[in-house]
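**Q** Taken in sequence, the protein lines are chains A and B.
Position one of the first sequence corresponds to residue 1 (the working numbering), numbered consecutively onward.
Position one of the second sequence corresponds to residue 1 (the working numbering), numbered consecutively onward.
Calculated directly from the structure, the hints in this document are not laboratory data.
No experiment lies behind these values; they were computed from the predicted model shown.
Be a bit skeptical, because a hint or two may be false.
Stretch-level coverage of chain B by chain A, calculated; a stretch enters the list once three of its residues show a Cβ under 8 Å from a Cβ in chain A [unchecked claim]:
| hint | region |
| --- | --- |
| 1 | 568-578 |
| 2 | 760-767 |
| 3 | 796-804 |
| 4 | 855-867 |
Straight line, CA to CA, 30 Å or less: simulated DSBU-like cross-link-like pairs of lysine-lysine [what the hints assert, rightly or not]:
| hint | chain 1 | residue 1 | chain 2 | residue 2 |
| --- | --- | --- | --- | --- |
| 5 | A | Lys-169 | A | Lys-234 |
| 6 | A | Lys-532 | B | Lys-700 |
| 7 | B | Lys-869 | A | Lys-870 |
| 8 | A | Lys-438 | B | Lys-700 |
| 9 | A | Lys-870 | B | Lys-870 |
| 10 | A | Lys-251 | B | Lys-772 |
| 11 | B | Lys-700 | A | Lys-528 |
| 12 | B | Lys-374 | A | Lys-700 |
| 13 | A | Lys-700 | B | Lys-532 |
We treat Cβ as the ideally placed atom computed from N, Cα and C, and that holds for glycine.
There are 2 protein chains.
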Amino acid sequence: MVKKKQMKEEKMSDTKKSDTKYVYFFGDETTEGDASMKNELGGKGANLAEMSRLGLPVPAGFTITTDCCNAYFAANSHFPPSLEADVNAALARVEAKMGRKYGDPENPLLVSCRSGARQSMPGMMDTVLNIGLSTSTIPGLIKKTNNERFVWDSYRRLIMMYADVVMEKAEGIEPFDGKGIRKILDEILDQYKYIKDYKSDTELNADDLKVLAGAFKRKIQEILGAEFPDDPMKQLWGGIGAVFKSWMGTKAVSYRRIEGIPETWGTAVNVQTMVFGNMGDTSATGVAFTRNPATGENLFFGEWLINAQGEDVVAGIRTPLPLNNETKTDQNKDLVSMEESMPETYRELVDIRNKLEQHYTDMLDIEFTIEESKLYMLQCRVGKRGGKAAVNMALDMMDEGLIDDKTAVLRVAPNQVLEFLLPIIEPKIESRQSVLLKGLPAGPGAATGEIFFTAQDAVQAIRLGKKVILVREETSPEDVEGMRAANGILTARGGMTSHAALVARGWGKSCIVGADGMIVDSINKTMKVGEKILREGDVLTINGSKGVVYEGDLPLVAPTASGDYARFLRFMSLVDKYRTMGVRANADNPADAQKAREFGAEGIGLFRTEHMFYGEGSAKPLFLLRKMILCTTQADRISVLKELFPFMKKDIKETMLAMDGFPVTIRLLDPPLHEFVPHSALGRQELSKALNIAEDEVRKRVDALQENNPMMGHRGVRLSVTYPEVTEYQALAIFESAAELIKDGKDIIPEIMVPITCDIRELRLAKDLIEKAYQKTLIRMELTPKQFHYKIGTMIEIPRAALLADRMAEIAEFFSFGTNDLTQLTFGFSRDDIGNFMSAYLDQRILNADPFQTIDRDGVGALIEMATKKGRTTRPALKVGICGEQGGDPASVEFCFSQGLTYVSCSPFRVPVARVASAQAAIKAMDK
Amino acid sequence: MVKKKQMKEEKMSDTKKSDTKYVYFFGDETTEGDASMKNELGGKGANLAEMSRLGLPVPAGFTITTDCCNAYFAANSHFPPSLEADVNAALARVEAKMGRKYGDPENPLLVSCRSGARQSMPGMMDTVLNIGLSTSTIPGLIKKTNNERFVWDSYRRLIMMYADVVMEKAEGIEPFDGKGIRKILDEILDQYKYIKDYKSDTELNADDLKVLAGAFKRKIQEILGAEFPDDPMKQLWGGIGAVFKSWMGTKAVSYRRIEGIPETWGTAVNVQTMVFGNMGDTSATGVAFTRNPATGENLFFGEWLINAQGEDVVAGIRTPLPLNNETKTDQNKDLVSMEESMPETYRELVDIRNKLEQHYTDMLDIEFTIEESKLYMLQCRVGKRGGKAAVNMALDMMDEGLIDDKTAVLRVAPNQVLEFLLPIIEPKIESRQSVLLKGLPAGPGAATGEIFFTAQDAVQAIRLGKKVILVREETSPEDVEGMRAANGILTARGGMTSHAALVARGWGKSCIVGADGMIVDSINKTMKVGEKILREGDVLTINGSKGVVYEGDLPLVAPTASGDYARFLRFMSLVDKYRTMGVRANADNPADAQKAREFGAEGIGLFRTEHMFYGEGSAKPLFLLRKMILCTTQADRISVLKELFPFMKKDIKETMLAMDGFPVTIRLLDPPLHEFVPHSALGRQELSKALNIAEDEVRKRVDALQENNPMMGHRGVRLSVTYPEVTEYQALAIFESAAELIKDGKDIIPEIMVPITCDIRELRLAKDLIEKAYQKTLIRMELTPKQFHYKIGTMIEIPRAALLADRMAEIAEFFSFGTNDLTQLTFGFSRDDIGNFMSAYLDQRILNADPFQTIDRDGVGALIEMATKKGRTTRPALKVGICGEQGGDPASVEFCFSQGLTYVSCSPFRVPVARVASAQAAIKAMDK
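So that you can see chain A by itself, here it is in the shape it has in the complex:
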């Protein structure tokens, strides 16, 4: 009971009362909708209306609104009572405009039923063409068109489509014997052609098609237990209902999940007069982009086919022809262009193209049909484009005066700028490759190299000058050195937030995870894909932006070298004109800091001090850390800390130097200590020998560190409470580094960040230790507090810290939301363990998005809002940032902007993405 009420209420919020207008006519100056009505009419419907209003040749029709779709589902798949009369009235207007009559035996009107959601969902929903053809209308149409074959061909197409879409899928009928009705009818067609010894469909004559139509109808009755409707009105309503139902189809539902489209948007249905590009050699059909969608070049670009229907262009059975001469390529330079073949209609089309671009001020994707030399526009929508094309078009259109600079900034999806930064596979070559394996696109860009199955092997191969793809079942911190060395990473397990994905993304390293089509055997150093076995040294190329793996060494194209890069820089400076929120980088070493700075980072939002214990050059510090961890007295720990001190200082100082002039936020030791001790017997043996402690004792001490839920264990500031000396020496390393640089004339203000705090008293304890180290450093380095400033702040990553943020801000001069851990604790989701259920949560739409990728606004967002507001009540000038993974996610950046955050911090490669997202948020807020 409750549930139904609930669903209804949800819907009501997005729908209107039942006396709403559900049907909108289009086709001439009396057109009722326009391009602004996408929410009601869907993208296709709104643009058909807009083109009609512009006076373009659009076959008349009408759009049934998305509200009607919602009303339909709310009423348990029944049409609203008012709809029938409205459809009839609209149909009468179409008939009047087109001079034909629906269902009329003499002069019949045929229509199509097409879906059209607010946002394009290509191929995800269903379409029925040629509706209105029946035993009663066929003779009239034959007479009128004088083309019997065309009519019977249209009829058999209607039957096939209708049986598939309306009678089977929309009714939820399970495919018979594993085969859908469409496939069964196709088999009949093939058998018939085989019997007749026809090579292609074109050989079928009118009689053949008539025979086939009869056979199809019998088969449908047999398989589906229902008759193909011969009543044109019944066909029409079946088509409308089927399009609505396809909104809830499996494909559409899963597409919406991926794209984050709410179910409540619904789809519109466009019922439109059929026009035919397949009525002979003066007929044709085509698709075009008003500019090149791959490069952004300002050239009219498209493909067309003579005597064909739209689906023939898309299906790829016939080779499409180039639209004009200037866009001919080496491959199609000998084919006839529309410009050559139908110069007059082509000029008409170019006029329409210009008119549309001027009107929409954007690159458009259009569909047209020429019926016996008459041009009809069937679709126009803003065209999809690659990242480089998006930037180029935005700048070009701005230069052309078509759009202003704010609009130019908004034209590029933030993630699209990544294309300028990453090596890619030579596009033409990639398009010809067959895919070996697919996985999740965890680290963008392409990489090629020999495969190696262990981190050690990878490192060794790199030393021998080889290119390496590291292939692992999944990665762990012990693999980090190998991961850093490798050109690309490929794992069989793990999701977008797995260890491999996080590490790779931070480095901008090409990485594919969760490629579950392969079986990795790291003992025998082989991987199996289907029946194929690949061995160490075999060469793969991976496209980490797409999550696709190819065999062999495909050529890569470098990013910055190209002339495009200058365009990127110009675009980014435009972006920064409007950006108000800061963008920093998460970087743990001088190289990353340098890279981040190149990409426009205005400081470091997260320097992880523990980084020095991972990866290259970490052997000695890691050894010392382990030695310290196994100490049993404070005095012993302090003596090891003194040995560690120069290592601690080195990375910090060099990173500060690389960021000279910008703030560097250094986080105190965060992970639990057991992360650093060897858990294998062998590792313990080595450590026992190196430290001269009995192996049994080492085992005991290591075991004592074990935790059941390490994420919530003895880590972060909790280590400051139990081992204050560790915090003190970290602070000393930070302050000495800063002081030395200050004495060298550098502009350094270290920001020390305390992790995992849940109470002001923890923060006070850490502050006391840090302040003591600061005072010591002032004396030791002979500096005054005026010469040397620092800030202390805290991560807000424990829900309690967010709840008590007003208290935290009494001490903290800045907050940084650690949205990884905050999300873990707010949801009670262990990021390492969501693999077993997260896909079910997304599939079943319990969650709209993975909260580890995009900030959960309802829960985590509520805590962020609360903490920011509360913190600023105590300390109005409180700096507030975010340094979780989501800091580089555009939707999350927009949320951070809306909450008034001072900056976002993300991995260096995502800095440009965050800059764009931040600028767009600012522009959108201006326009409100």
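Add chain B to chain A, keeping to what the hints say.
**A** Just chain B now, with coordinates in the frame of chain A:
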């Protein structure tokens, strides 16, 4: 900088301006304070003032306020400027009253300096007696008392005390060579007695004491580098400062932490005229309770000593005498009572006793001194008492008309009622035992038995009719059967919320955890305490209320058999008269439900369905569960669920029956599945055989279930999402059980509770599955919805659920706060892993209390408040309860009442505790 400002602000909230009155005189009708001024004057000072006002013989003196203490620390251990003049003025009033003069060589006044906080902190702070004795005042006092030995003895006592308290401790001087000055002076005394061949202090004559005083002063100069002050005023200020400083002493700080006393309360200093019980046989000193503090009996009860000072009674060097004849015992029946020896003074004391009880309307703890036949009252305060005594006194005083019934309810600390329910060690025998080992009092009551080191051994021994104490390093779910069988549990590791503690408390089983003085070797079946080795079969007795372990088989006393139990029942019915909030029990089986009902539970707040897989009788269901877990298809799982079904139903149905007429809240499966599969190779082998699945395959499937942070893993409602069939069969078992009982005429309304929800969509999914099972059951059992109701609700234990509680309440008809998990996630504290840092957090006062024992009001409490309010905006009639461990903690119960919760639910044995706490909260709220 920030820190200091912060500290000051904190103090300011509890202190007043510096022009406040800091000194209050007492001693006659001009007394300035009274009993209501405990916050300012401390308990001792307020009661001295009150007794003075009542006209009782109190030696005159004055109290320096707690505000002054705070001002003293705020000013970096300096007295407020105004204090000196005020002290001098008060001293003049004392001199006038007593007819002596401070520092006067002829007729000197001596004073004591004693601490006195708002709440008694026995022995935690310091006292200095005999202040004012100096080389200048000694002759006059000798002349006046005509007792040279007494004066020199008083002087050497002053020197010892002063050196210890004022010159060493208050100055923060580290003990020399590991020995304090007190110990060093004691050694000199002992050496002197050895040389003189004296057996006791009484043999020391005046000259001896004079020599010793000189030696003491020289030693003090040598060790402490300072002179014992000979100026009486210097002595006085030293004493006052030392008492203040003792507020920050180690002992006081740690006592405050345990008792939850805020540092900002401060201590008062009582400066009072010395009177002497050691001036001969007409002098005496004593302590008494106005009623028997152990039993509550209405008899004047106390001890006294002739010719002695107060500390002699307490020190236990001389055997104290009984106060009167009616309270003589077998042990002291031949000793002379005060009633016999000083009948007149005794009658005076009895009059005072009656006057005080009438005035304070409570049992009091008093101290008195008789100086040459004159009676002086030195202290009176409300007396501490045991649980049974508290109940008896409350009922008696109510019957006597001394207090009303509300006051009677408030007179008993909630935990005190537990004494009526648990077996205890025969108190007289226990008092004579020496302690073997101490640990945390995890499960109250006493137990005795042979020690066994594995659950299996324990179970086997019980079967042989033995009494068993199960001794483990720590316990895990695999030990549960042994734990249930054992009479008591003793672990070396774990805190108050460890597995052993939780399980034991739920059963009211005696348990001591974290007894880290022992080393357990479960392989060799021994435990080592110091050098002592105990073996399997050795007998121990444990007092789980105190956390103390004794060797041997001490006799236990059973609770309900005694006549006391009727008093308990009478008190509890009084409690229920004022209780408004419900109290339920957490119970997983019919026996516990029955017990809970006996203890007054009004339903079950938490029935854990997974309980059937633990402990006795669980072998078969556990086997089936494991079989189900290893299934790979839904069909297989369903077929195993059908086998499991009768087991699921049995416990549920019997528990519902035991609670007939009361609601039973049944929680769906909560733990992650890997908790139920064997992790040992042997266990896997057995399972492999039993299930006829290859061992390697079993290992693989078990491994696939492993999680890094199982607390935040694939559990609770997340299992409903991935394995809906499990939820469906659980719901069917609940509904069928209920339906069968309803058909038998029982009054059953099952409440189904969904665990670990974080989003309404999870809850909706679970609700759909449950509703489906309900509809199926209605049909199958031929019942109508009118005949058979159920409720659906959710745990609120994930922060996000609390944040989105308004949405959750759209579906949930009730909330139950799972404060264990909610605390874990709000703090980011893994309950299993806090052992490594929680004690540091409490020691360093980062936390005032373990949040797993008492609800953290600031953080977790804020979420509870938010969720309750938000939930009731959507559903005003929302039932809200709590079923975490804290549901039986009195402070938490009071908090729950303040938040308007419908009920608290706790382990059966804590139900009476929660009833008392709930009633007291209601009464306190009435009085506001």
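**Q** Give a verdict on every hint.
**A** Hint check:
1. 568-578: violated (count 0)
2. 760-767: holds (count 5)
3. 796-804: Three-residue rule met by the region 796-804 of chain B, so holds; n is 6.
4. 855-867: holds (count 6)
5. Lys-169/A - Lys-234/A: holds (17 Å)
6. Lys-532/A - Lys-700/B: holds (24 Å)
7. Lys-869/B - Lys-870/A: holds (20 Å)
8. Lys-438/A - Lys-700/B: At roughly 24 Å apart (the allowed maximum being 30 Å), Lys-700/B and Lys-438/A satisfy the hint.
9. Lys-870/A - Lys-870/B: holds (19 Å)
10. Lys-251/A - Lys-772/B: holds (27 Å)
11. Lys-700/B - Lys-528/A: holds (19 Å)
12. Lys-374/B - Lys-700/A: violated (67 Å)
13. Lys-700/A - Lys-532/B: Measuring from Cα to Cα gives roughly 23 Å; hence the hint holds.
Violated hints for the displayed structure, listed by number in ascending order: 1 and 12.
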